[in-house]
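J.: Here is how the chains run, residue by residue.
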Amino acid sequence: MTTQNLAGDFYTQCFLSEQDESGRVILNMGPQHPSTHGVLRVIIEMEGEYISRAEPVIGYLHRMHEKMGEVKTYHQYMPNMGRVDYLHALAWNWAYIGAVEKLCQIEVPRRAEFIRVITCEMNRICSHLVWWGAYLLDLGAFTPIMYAFDDREQALDLLQMITGSRLTYCYYRFGGVRTDIDNQFISGARDFCKLMKSRLPMYKDLVTDNYILRKRCEEIGELPLEMARRYGATGPVLRGSGQKYDVRRAEPYSVYPELDFDIPVFNECDAMARYRVRVAEMEQSVRIIEQALSKLPKGDVMAPKAPKRIKPPKGDVYFAVEGARGKIGVYLASDGSSTPYRLKLRSPSYSNLSLFAELAQGTLLADAVSILGSLDLVIPEIDR
Amino acid sequence: MNLFEEIREAVKGLYSLAVGMGVTGRYFVKPEVTVHYPRKTVDNIQTYSGHVELLQGKKNPLESDCIMCGTCERNCPSGCLTVKYEEIVEENPEPEKKKKKTKKMTGLIYDYSYCSLCGQCIENCPVDALGFSNHVYWAEFDRCNITLDLLARLREKLSKSS
Ligand code: SF4
Ligand code: SF4
Chain A
1 MTTQNLAGDF
11 YTQCFLSEQD
21 ESGRVILNMG
31 PQHPSTHGVL
41 RVIIEMEGEY
51 ISRAEPVIGY
61 LHRMHEKMGE
71 VKTYHQYMPN
81 MGRVDYLHAL
91 AWNWAYIGAV
101 EKLCQIEVPR
111 RAEFIRVITC
121 EMNRICSHLV
131 WWGAYLLDLG
141 AFTPIMYAFD
151 DREQALDLLQ
161 MITGSRLTYC
171 YYRFGGVRTD
181 IDNQFISGAR
191 DFCKLMKSRL
201 PMYKDLVTDN
211 YILRKRCEEI
221 GELPLEMARR
231 YGATGPVLRG
241 SGQKYDVRRA
251 EPYSVYPELD
261 FDIPVFNECD
271 AMARYRVRVA
281 EMEQSVRIIE
291 QALSKLPKGD
301 VMAPKAPKRI
311 KPPKGDVYFA
321 VEGARGKIGV
331 YLASDGSSTP
341 YRLKLRSPSY
351 SNLSLFAELA
361 QGTLLADAVS
371 ILGSLDLVIP
381 EIDR
Chain B
1001 MNLFEEIREA
1011 VKGLYSLAVG
1021 MGVTGRYFVK
1031 PEVTVHYPRK
1041 TVDNIQTYSG
1051 HVELLQGKKN
1061 PLESDCIMCG
1071 TCERNCPSGC
1081 LTVKYEEIVE
1091 ENPEPEKKKK
1101 KTKKMTGLIY
1111 DYSYCSLCGQ
1121 CIENCPVDAL
1131 GFSNHVYWAE
1141 FDRCNITLDL
1151 LARLREKLSK
1161 SS
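As they're listed, the protein sequences go chains A and B. Under the working numbering, the first residue of the first sequence is numbered 1, with each subsequent residue one higher. Under the working numbering, the first residue of the second sequence is numbered 1001, with each subsequent residue one higher.
There's no promise every hint is true.
Derived Cβ-Cβ restraints for the label pairs, each shown as a range [as the list claims (entries may be wrong)]: (1) Pro34(A) / Asp1128(B): 45 to 53 Å; (2) Met1068(B) / Tyr318(A): 38 to 46 Å; (3) Pro34(A) / Gly1057(B): 48 to 56 Å; (4) Arg190(A) / Gly1013(B): 37 to 45 Å.
Derived by calculation from the structure, the hints in this document are not laboratory data. Note that the Cβ used here is the ideal one computed from N, Cα and C, for glycine as well.
Model the full assembly from the supplied sequences, consistent with the hints where possible.
T.: Next comes the structure, spelled out in structure tokens:
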């Protein structure tokens, strides 16, 4: 009794008060748990080795990105986007820039659209590679992350050449992109596609076909489609449950309708299905990059009439793109001044995390790590 | 699960272990890809943007082109830059006319600790006086040491090269 009164902070106390059967062990996974890859905390109630209840506690990384949007000018807000989701920064760049472009009706030159597609897909591969390595690291396989980072390094070098940064990009501009790509980049990108094509079969041999790994992913964390829909899950989590939904096809933007690629879908609903979706997506991204490189038109990379100062008309706009983790949406309301009236960021990780509480019920603690990893969470994106 | 199935599982596990070790073995004999920093450094860092710096003037190669307009100061999302100048008032030889005012730049204070390397200051400078530097390995132990006077830095650089 005494220990119970002393134990835990506010969240733990709340969690304890909802306990219907006392005597069960309460466990805090995080905020510094290595498998949460960031400061996420999950409070877990254990019944022996099994989880009877789980509750994520978020907010440790809250940086007021939405509030900052209201006090900064449209141009000044740009670097924030690279920091919301550091793994797929360019998709967030795109969502915000796209929303402002839609509101102000700025035309983007075709060459810039293709450059956006190439860089965004390259960034998607980087993001999936990090997830791939880190997820396997969670499951106890150390070597894969070395291969993943080796490949990712090649892509980062290319992106560094044009954006100047390696992680938190701020590359897209209202009406185009900051710098043009040169022949060195184009040939480098072709080499990267070739490299990825030769590496993906190796990944398959090393990991995907590995019997030991499959034992830890197959039939674990089964997420029925109905439940995924109920929580608003998007991206590979939803596609791993058999729903063919991809913003690039469902709400086409930019030049994606001209490009030929498939949306990988798997019906098994388990952690392995989500794994397979992401690996297949890397393959598709390589396909997209190759096509975009061969179709790359000549011309400007910045709209000649792109305004230096953004002062959009009154109104609101919603723009969504497909990020590595799902649907990234930016809702923007403008009152006609030089700063947004309201900026709402829809982050896919938030919805994907919400379903964890229900998904983890009744699983082994060791499997919860696998489930959490298979959702591919980026904590800064959840807290924003 | 009967004994037969357990043996089958073990064999399957061992087989995939052997496949994985095969891949690892092949890469083991290939040349090393990691670099042992700081004993060795990478050579593909030139395109990486370091901190913001004042560029050598195009008109006057001994000074910066900066016209002290303050655009970079206003456009920076984090308020990293502060332009410092003093106004010199000179008597005009013709007494009716206004006094002649000239601005003399005394410094451009730059706080790297808040800079997000977004490039807004560089793109908005009317005379293209700013750029990214190649000084990428800069690190400090104390936060107050991570501010720079970009003008002093440029002058030092120019005096060294001349
Ligand atoms: S790069 Fe961006 S954050 Fe850094 S000084 Fe320039 S405007 Fe400010
Ligand atoms: S914007 Fe350029 S010219 Fe104006 S104060 Fe800054 S560096 Fe000087």
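J.: Under the constraints set out in the numbered hints, which ones does this structure not fulfil?
T.: No hint contradicted; all consistent.
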